[in-house]
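*Asks:* Taken in sequence, the protein lines are chains A and B. Residue numbering for the first sequence follows this note's numbering, starting at 1 and increasing by one per position. Residue numbering for the second sequence follows this note's numbering, starting at 1 and increasing by one per position.
These are calculated hints, taken from the structure and not from any lab test. Take the hints with a grain of salt, since some may be wrong.
Lysine to aspartate or glutamate pairs mimicking EDC-like chemistry, simulated, CA-CA at most 20 Å apart [as the list claims (entries may be wrong)]:
{"hint": "1", "chain 1": "B", "residue 1": "K71", "chain 2": "A", "residue 2": "E252"}
{"hint": "2", "chain 1": "A", "residue 1": "K269", "chain 2": "B", "residue 2": "D38"}
{"hint": "3", "chain 1": "A", "residue 1": "K269", "chain 2": "B", "residue 2": "E28"}
{"hint": "4", "chain 1": "A", "residue 1": "K205", "chain 2": "A", "residue 2": "E155"}
{"hint": "5", "chain 1": "B", "residue 1": "K83", "chain 2": "B", "residue 2": "E28"}
Just some of the chain B residues that point at chain A, by a computed CB distance under 8 Å [said to hold, decoys possible]:
{"hint": "6", "residue": "D34"}
{"hint": "7", "residue": "H40"}
{"hint": "8", "residue": "P43"}
{"hint": "9", "residue": "G44"}
{"hint": "10", "residue": "F53"}
{"hint": "11", "residue": "L55"}
{"hint": "12", "residue": "L73"}
{"hint": "13", "residue": "F78"}
{"hint": "14", "residue": "A89"}
Not close to chain A: a few residues of chain B, all C-beta gaps over 12 Å, as computed [said to hold, decoys possible]:
{"hint": "15", "residue": "G4"}
{"hint": "16", "residue": "I9"}
{"hint": "17", "residue": "V10"}
{"hint": "18", "residue": "D14"}
{"hint": "19", "residue": "P18"}
{"hint": "20", "residue": "A32"}
{"hint": "21", "residue": "L35"}
{"hint": "22", "residue": "T77"}
{"hint": "23", "residue": "K83"}
{"hint": "24", "residue": "D91"}
Bear in mind that the values here come from a model prediction, so they are computed numbers and not experimental data. We put the CB at the ideal spot given by N, CA and C, even for glycine.
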Amino acid sequence: MKYVDEYRDPAAARTLLHRIEELASQLERPIAVMEICGGHTHTIYRHGLEHLLPEAIELIHGPGCPVCVIPMGRVDDALWLARQPGVTLTTFGDMMRVPGSTDSLLQVRAAGADVRFVYSPLDALQIARENPQQEVVFFAVGFETTAPSTAVTLERARVERIPNFSVFSNHVTIQPPLRAIVNGGQTRVDAFIGPGHVATVVGTKAFEFLPEEFNLPVVVTGFEPLDILQAVWMLLEQFTSGEVAAGRARVENQYARVVRADGSQPALKLMERVFSIRDTFEWRGLGWIENSGLGISEEYSAWDAEKKFQVPGERVPDPAACECGSVLTGRIKPWECRVFGTACTPETPIGTCMVSPEGACAAFYNFGRMDRSTAQNLVIQD
Amino acid sequence: MCLGVPAEIVAIPDPAVPRARVAISGVERTVATDLLVDEHLAPGDWVLVHVGFALSLIDADEAAVTLEQIKRLGGGTFETELKSFESSAID
């Protein structure tokens with residue numbers, strides 16, 4: 001229990017863990033709980049929650065980190081855009097170190113390209129206003145948490161008629177990859193911890209297909225260690241009460257202090273207008289998933305970088321050594337990857353999961369596991 | 001990039017324009033409030049800010065707990081986010 005002193009309220013955590021242990025002992029078989037938010041991954045590793053939970057509960061990390069799920073071909077497209085004369089490429093700081101086939105954006109910038117990281121897409125728009133001679137492209141990534149921000153930015157570009165701004169959209173939606181994982185059958189998932197921030201936009205309703213179609217329980221939760229423990233407890237109750245066995249799994253909202261069932265209507269309406277759902281989109285580790293990517297709608301096509309530029313759009317496989325795809329789909333744990341902690345570290349990442357602090361590999365690496373064997377020893381000893 | 005950071009609204013410069021001045025740990029910047037047009041935001045309210053946008057209205061207790069949690073994530077997470085917020089020029 002060495003991590004418990006880090007809780008805001010150790011007593012509450014102890015009580016929850018005790019309840020969890022009681023319920024877990026009533027399970028007929030172990031359950032695998034998938035979390036689908038980089039923030040949750042970060043909290044779980046930071047607080048060693050995996051070591052505190054009974055063995056009958058396995059936490060697996062799903063494709064919840066938007067930086068991690070971008071396939072290498074799209075990174076190469078961004079690098080190509082950055083190299084075009086007269087282009088200023090803007091993006092979030094997390095994207096700067098993501099490796100493409102040959103370079104990262106940081107390396108392209110060192111070689112003379114105009115690449116700038118921004119806090120907000122609105123900052124990218126501001127750069128376009130101030131530099132009317134430059135073509136300013138915003139390399140956009142993110143789930144529904146972030147997509148509305150890009151939508152508002154595009155709306156402002158349209159209203160202000162800013163001609164030298166465009167968006168290279170890599171926005172994705174949360175439902176299709178979950179469906180792909182459940183249907184794919186390669187990862188056994190018994191329950192989901194739902195992403196709090198995405199749910200503020202899409203609402204808890206967006207996850208109802210999981211119990212309705214697959215009888216899989218979902219608890220949407222916040223980012224405190226106590227939130228996650230409570231979510232695990234609520235999920236367990238659905239199992240031990242017999243509800244799941246009776247085919248009555250459901251979505252519960254542990255994060256009602258922030259999340260509503262309907263989500264954010266202004267955000268959803270804006271997204272519907274500004275984006276159009278792509279027929280298919282490539283995900284690292286999951287391959288092509290139908291209706292999973294947000295392209296830019298016809299009305300805003302003048303600000304669509306993929307229409308403005310002849311983006312190569314070549315598909316590129318992941319580096320052979322990198323098992324990011326298996327990590328992202330929960331098939332393996334970070335330390336089971338061949339290059340984890342040796343050739344691939346946060347300083348010299350090979351795969352996206354090691355780049356973003358919210359990626360499972362970086363989160364696992366950063367909190368005391370120096371290499372794969374140390375990690376295995378730690379976990380086995382526990 | 002996925003963080004939602006609690007910020008306190010210090011001013012609504014023009015109620016007709018979807019913007020608010022907010023403060024995170026004493027750093028004051030402007031954020032967009034387009035996503036909260038249905039709320040009646042006022043100075044003293046707390047919002048979760050994500051990439052320059054107020055994403056949701058929260059209460060002061062939730063703000064305090066969330067802020068503490070982000071600081072405790074370590075690895076420079078909060079400092080990096082604050083520095084990034086500080087670099088913003090949204091108006």
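*Asks:* Going through the earlier hints one by one, which of them does the structure break, listed in rising order?
*Replies:* 1, 3, 4, 7, 8, 9, 13, 15, 19, 20, 21, 22, 23, 24
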